[in-house]
Amino acid sequence: MNELAPTTPNAKIANAKIAPATGWRGTVADWSSDQRAFRTVSWGKAMMWVFLLSDTFVFSCFLIAYMTARMSTTVPWPMPSEVFALEVSGHHFPLLLIAIMTFVLISSSGTMAMAVNFGYRRDRRKTAALMLATALLGAAFVGMQAFEWTKLISEGVRPWGNPWGAEQFGASFFMITGFHGTHVTIGVIFLLIIARKVWRGDFDGGRRGFFTSRKGNYEIVEITGLYWHFVDLVWVFIFALFYLW
Amino acid sequence: MSQTTSHAEMQPATEGQPATKGEVQHHPIRLYLVVWAWLFILSTCSYLVDYFQLAGYLRWSLILSFMALKAGLIVAVFMHMAWERLAFIYAILLPPTLLLVFVGIMVFESDYTLLSRVTFFSAG
Numbered sequence: 001m002n003e004l005a006p007t008t009p010n011a012k013i014a015n016a017k018i019a020p021a022t023g024w025r026g027t028v029a030d031w032s033s034d035q036r037a038f039r040t041v042s043w044g045k046a047m048m049w050v051f052l053l054s055d056t057f058v059f060s061c062f063l064i065a066y067m068t069a070r071m072s073t074t075v076p077w078p079m080p081s082e083v084f085a086l087e088v089s090g091h092h093f094p095l096l097l098i099a100i101m102t103f104v105l106i107s108s109s110g111t112m113a114m115a116v117n118f119g120y121r122r123d124r125r126k127t128a129a130l131m132l133a134t135a136l137l138g139a140a141f142v143g144m145q146a147f148e149w150t151k152l153i154s155e156g157v158r159p160w161g162n163p164w165g166a167e168q169f170g171a172s173f174f175m176i177t178g179f180h181g182t183h184v185t186i187g188v189i190f191l192l193i194i195a196r197k198v199w200r201g202d203f204d205g206g207r208r209g210f211f212t213s214r215k216g217n218y219e220i221v222e223i224t225g226l227y228w229h230f231v232d233l234v235w236v237f238i239f240a241l242f243y244l245w
Numbered sequence: 001m002s003q004t005t006s007h008a009e010m011q012p013a014t015e016g017q018p019a020t021k022g023e024v025q026h027h028p029i030r031l032y033l034v035v036w037a038w039l040f041i042l043s044t045c046s047y048l049v050d051y052f053q054l055a056g057y058l059r060w061s062l063i064l065s066f067m068a069l070k071a072g073l074i075v076a077v078f079m080h081m082a083w084e085r086l087a088f089i090y091a092i093l094l095p096p097t098l099l100l101v102f103v104g105i106m107v108f109e110s111d112y113t114l115l116s117r118v119t120f121f122s123a124g
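From first to last, the protein sequence lines stand for chains A and B.
Numbering of the first sequence is given in our numbering, commencing with residue 1 and proceeding in unit increments.
Numbering of the second sequence is given in our numbering, commencing with residue 1 and proceeding in unit increments.
Rather than coming from a laboratory, the hints here were simulated on the basis of the structure.
Computed from a prediction, not measured in an experiment: that's the story for all the values here.
Any given hint could turn out to be false.
Non-contacting residues of chain B with respect to chain A, defined by C-beta distances greater than 10 Å in every case (computed) [what the hints assert, rightly or not]:
(1) Gly56
(2) Tyr57
(3) Leu58
(4) Ala82
Rough simulated footprint, nothing fancy, chain A against chain B, three-plus residues with beta-carbon under 8 Å [unchecked claim]:
(5) 27 to 33
(6) 47 to 55
Glycine included, each C-beta is placed from N, C-alpha and C at the ideal position.
Please build the complete structure, drawing on both the sequences and the hints.
Here is the structure:
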């Protein structure tokens with residue numbers, strides 16, 4: 001303060017003020033900035049995260065309701081590893097289909113992460129191809145889930161009862177996996193729409209959107225990716241808490 | 001609005017470093033492949049817990065730690081949370097921790113329900 005000449009220490013202080021602070025100091029500065037709290041996150045990404053946060057609470061309510069039903073029932077719960085076992089050429093594999101579904105969904109997350117990466121590199125073809133691969137893996141997941149539902153329904157599982165034990169098993173199973181499967185289905189549709197836009201070169205040529213009449217950019221690939229990874233994330237919890245309990 | 005939409009311009013960021021100046025991050029593809037491989041390994045491990053029919057606290061601790069590791073990898077790397085600013089990380093990741101309180105409440109509740117059922121409604 002006592003000297004106004006641009007000496008090196010003063011210049012350093014000025015630079016430090018311009019560069020955003022990190023850690024707790026940065027958190028306080030961001031929230032009190034009276035502008036945008038999320039300095040490096042666009043509104044599109046922030047809104048997707050807020051939506052995913054609300055979705056987290058919805059899925060958590062389902063899983064907690066399932067936990068409460070399972071912990072409070074006096075009737076034995078059907079053994080998931082037996083219920084979801086498959087016979088492959090004479091061999092008995094517990095949870096085989098569920099394991100394959102898990103690997104398929106994880107692989108789709110891997111291809112999605114790479115699609116986001118290629119999107120920011122403005123590699124139109126690779127981005128679209130990887131998103132298409134993600135959508136295909138997602139569709140395969142939904143297909144296997146339909147197979148699983150068909151198998152269980154033909155074995156007599158209903159939301160109000162099943163041949164093996166506690167009646168709440170069917171209600172929990174159909175509710176949780178059904179809601180998750182709906183999310184995957186919506187994700188596949190979302191992926192296909194955005195992949196088409198990427199393939200057409202909308203984000204390179206500045207083509208305006210049908211609904212918004214505004215130019216999009218490759219960030220929508222990351223936003224789609226956030227949704228898709230969330231679907232995978234929910235499956236991680238369902239796999240552990242519903243199938244492996 | 002032009003300010004909020006113009007941020008996705010390409011930013012030259014060095015590989016592996018947090019790109020704090022702009023939102024656009026360039027991580028090597030290898031990073032995603034490594035995380036992918038880890039997710040496969042962790043999933044296989046949790047499947048093996050069921051396959052070898054481990055039981056009790058061992059089963060629970062293994063399943064929950066594999067679950068937490070997988071969830072952490074997906075959120076941190078695939079969803080890029082590791083490279084966001086702390087203000088955003090807390091805004092998104094702090095609220096779900098309240099769910100643990102909810103879980104705690106319902107554990108007590110279901111224990112109580114089970115006790116009542118065993119005490120008053122079971123045959124004999």
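Can you give the numbers of the hints that this structure goes against, from lowest to highest? Hints that this structure does not satisfy do not exist here, as all of them hold.
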